[in-house]
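**Student:** Quick mapping for you: the protein sequence lines, in order, are chains A and B.
Under the working numbering, the first residue of the first sequence carries the number 2, and numbering increases by one thereafter.
Under the working numbering, the first residue of the second sequence carries the number 11, and numbering increases by one thereafter.
Because the hints were derived from the structure by calculation, they are not lab data.
Remember, predicted model here, so these are calculated numbers, not experimental data.
Glycine included, each C-beta is placed from N, C-alpha and C at the ideal position.
Please note: incorrect hints may appear among the correct ones.
[What the hints assert, rightly or not] Taking CB as the label site, the calculated pair distances span:
{"hint": "1", "chain 1": "B", "residue 1": "E308", "chain 2": "A", "residue 2": "G55", "range": "27 to 33 Å"}
{"hint": "2", "chain 1": "B", "residue 1": "N64", "chain 2": "A", "residue 2": "W28", "range": "39 to 45 Å"}
{"hint": "3", "chain 1": "B", "residue 1": "K171", "chain 2": "A", "residue 2": "A41", "range": "25 to 31 Å"}
{"hint": "4", "chain 1": "B", "residue 1": "R61", "chain 2": "A", "residue 2": "P32", "range": "47 to 53 Å"}
{"hint": "5", "chain 1": "B", "residue 1": "E308", "chain 2": "A", "residue 2": "E56", "range": "31 to 37 Å"}
{"hint": "6", "chain 1": "B", "residue 1": "V312", "chain 2": "A", "residue 2": "W28", "range": "44 to 50 Å"}
[Stated by the list, open to error] Each computed DSSO-like pair below joins lysine-lysine, with the alpha-carbon atoms no more than 27 Å apart:
{"hint": "7", "chain 1": "A", "residue 1": "K73", "chain 2": "B", "residue 2": "K302"}
{"hint": "8", "chain 1": "A", "residue 1": "K85", "chain 2": "A", "residue 2": "K68"}
{"hint": "9", "chain 1": "B", "residue 1": "K302", "chain 2": "A", "residue 2": "K68"}
{"hint": "10", "chain 1": "B", "residue 1": "K52", "chain 2": "A", "residue 2": "K3"}
{"hint": "11", "chain 1": "A", "residue 1": "K20", "chain 2": "B", "residue 2": "K108"}
{"hint": "12", "chain 1": "A", "residue 1": "K3", "chain 2": "B", "residue 2": "K171"}
{"hint": "13", "chain 1": "A", "residue 1": "K88", "chain 2": "A", "residue 2": "K40"}
{"hint": "14", "chain 1": "A", "residue 1": "K73", "chain 2": "A", "residue 2": "K20"}
{"hint": "15", "chain 1": "A", "residue 1": "K68", "chain 2": "B", "residue 2": "K171"}
{"hint": "16", "chain 1": "A", "residue 1": "K88", "chain 2": "A", "residue 2": "K20"}
{"hint": "17", "chain 1": "B", "residue 1": "K92", "chain 2": "A", "residue 2": "K3"}
{"hint": "18", "chain 1": "A", "residue 1": "K20", "chain 2": "B", "residue 2": "K171"}
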Amino acid sequence: MKIINPAFGLQPASVAAAKAAARPTDWLHDPIAIISNSKANAQALLEGVRRLMGEFRPVDNIDYFYKNSAAKPAPPDLIEHVTKNYKGAILALAD
Amino acid sequence: MSDPGEQEVLDLGDMDVDAFNEYAIEQGWSDGFPLVPPTEEKVARFVETCRGDNEPFPPMTPRQVLPTLQTIAANAVMAGCKPEYFPVVVAAVRAILKPEYNLHGTLATTHPCSPMLMVSGPLRHELGLNCSSNCFGQGTRANATIGRAVQLTVLNVGGGKPGTMDRATQGSPAKFAFCFGENEEESPWAPFHVRRGFEAGDSVVTALPTEAPHNINDHGSTTGLGILQTVAGTMSETGNNNIYGKSPFMIAFGPEHAATLKRDGWSVEAVQEKLYELSAVHYSRVSEDNRKNYEEREQFPVNDHYYLAPTPSAIQIVVAGGPGKHSAFLPTFGFTEVCSVRIAAR
Chain A
2 MKIINPAFGL
12 QPASVAAAKA
22 AARPTDWLHD
32 PIAIISNSKA
42 NAQALLEGVR
52 RLMGEFRPVD
62 NIDYFYKNSA
72 AKPAPPDLIE
82 HVTKNYKGAI
92 LALAD
Chain B
11 MSDPGEQEVL
21 DLGDMDVDAF
31 NEYAIEQGWS
41 DGFPLVPPTE
51 EKVARFVETC
61 RGDNEPFPPM
71 TPRQVLPTLQ
81 TIAANAVMAG
91 CKPEYFPVVV
101 AAVRAILKPE
111 YNLHGTLATT
121 HPCSPMLMVS
131 GPLRHELGLN
141 CSSNCFGQGT
151 RANATIGRAV
161 QLTVLNVGGG
171 KPGTMDRATQ
181 GSPAKFAFCF
191 GENEEESPWA
201 PFHVRRGFEA
211 GDSVVTALPT
221 EAPHNINDHG
231 STTGLGILQT
241 VAGTMSETGN
251 NNIYGKSPFM
261 IAFGPEHAAT
271 LKRDGWSVEA
281 VQEKLYELSA
291 VHYSRVSEDN
301 RKNYEEREQF
311 PVNDHYYLAP
321 TPSAIQIVVA
331 GGPGKHSAFL
341 PTFGFTEVCS
351 VRIAAR
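If we strip away everything but chain A, and leave its shape as in the complex, we get (with noise of 0.2 Å):
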């Protein structure tokens, strides 16, 4: 039997080239994102994240964001600023 796969979609160009330019992140060093879906818990939980981090990483480059909605995607300006400046982004989804 031969099926066309349902799970099959594309890859929109800018993240296909994004994938190819990627190196892996260097979690001590490079600067790194956390966003927040502005939740109670999700905010309590990244900031613990945060300050655990900065107990061993050698360099202050951990910030902090906040989505203005929990019910809405980020807006595509925070996730640019974020794609350009960062090279990782820690989410949490806590209700």
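Using the hints, position chain B against chain A.
**Tutor:** What follows is chain B alone, placed relative to chain A:
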């Protein structure tokens, strides 16, 4: 008409249908019900019904890959659609991919919303869509499989897998399939798509992320006002997402309730105004903790009431169903808009 770049063919060897279903479950492609194998021949027949539709699709969240007609067709075949249903499925996918529908939010939320699809216009009858008795329920192939095809597309192309990227706390039976036809013939008002600016001869699919329908029983009221009081009383719930997620939601009047409203001269706008006022939740019914929660979301009572809709016109009024003294309330996730797309002529 098959562009090899728009699809991926998988050779599954000597698999029969039973083995295919076991394989599909292992791949995470199934909603739990058996699937029809999406063979090359069947998918090609479906795609043929959309010949000339070259409008690209935007990325589907959360996987952020671009759907193709072939991939959507594979999901429609698996759902049990007939080829002639496929233009409706394609239009529905386009509707839920509109940014204002907020597909990402509807999957990330713990609320049990699903894509409610309502078809208006002449195609309802050509396809045998049920607009009458039990239109929200089982028993009609077009209703069941069109709704299912869209859900399977969200699962397989979008990656909205239950428990991982579909975060609903309890989910809903409507997440299997939720598609029905508007009962235009028994509606006292203009068809929904005409009120939204389409031509009467157009066929249109409207998508809204709603809960499963909440029944409204009123066998006693003999006036339009009485029926509206019952409808508003049922809408006026303290645990309703629309208290703080102010956005459109839907009231589907059964034809008998609609006939009483017609007899008493209620226009759509007058119905919306009355429901808006009568359904507001008095703040004293909301727990103190939850009031604080709403305040943190910048939702404050107005004249001591929480209004469910941003404006009266956000209450979407339609007629659906058959004989009986019942109507339905379809609350939404909130943070969304009504999205209607014309179904391409075949």
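**Student:** State for each hint whether it applies.
**Tutor:** Here is how each hint holds up against the structure:
For the hinted restraint 27 to 33 Å between E308/B and G55/A, the CB-CB distance of approximately 32 Å keeps it satisfied. Distance hint check for N64/B and W28/A: the Cβ-Cβ separation is about 44 Å, which falls inside the suggested range of 39 to 45 Å. Distance hint check: the CB atoms of K171/B and A41/A are about 26 Å apart, consistent with the given range 25 to 31 Å. In this structure the hint that R61/B and P32/A lie 47 to 53 Å apart at CB holds, the actual value being about 49 Å.
Against the hinted window of 31 to 37 Å, the Cβ-Cβ separation of E308/B and E56/A comes to about 36 Å, which satisfies the hint. For the pair V312/B and W28/A, the supplied restraint of 44 to 50 Å holds, since their beta-carbon distance comes to about 48 Å. The hinted pair formed by K73/A and K302/B meets the criterion: a straight-line CA distance of about 21 Å does not exceed 27 Å. For the given pair, K85/A sits about 17 Å from K68/A by alpha-carbon distance, which is consistent with the 27 Å threshold.
In summary, the hint linking K302/B to K68/A is supported, as the alpha carbons are separated by about 20 Å, within the 27 Å threshold. Our distance criterion of 27 Å between C-alpha atoms is met by K52/B and K3/A, whose separation comes to about 11 Å. At most 27 Å may separate the alpha-carbon atoms for a hinted pair to count; K20/A and K108/B meet this at roughly 26 Å. With a CA separation close to 25 Å, the supplied pair K3/A and K171/B stays within the 27 Å bound.
Taken as a hint, the K88/A and K40/A pair is honoured in the structure, with Cα atoms around 24 Å apart against an allowance of 27 Å. Only pairs whose Cα atoms come within 27 Å are accepted, and K73/A paired with K20/A is accepted, the gap being roughly 25 Å. Pair hint K68/A plus K171/B holds up; C-alpha atoms about 23 Å apart against a cutoff of 27 Å. Distance restraint check for K88/A and K20/A: the Cα-Cα separation of roughly 12 Å lies within the 27 Å cut-off, and the hinted pair is therefore satisfied.
At most 27 Å may separate the alpha-carbon atoms for a hinted pair to count; K92/B and K3/A meet this at roughly 20 Å. Distance hint between K20/A and K171/B is fulfilled; the C-alpha atoms sit about 24 Å from each other, no more than 27 Å.
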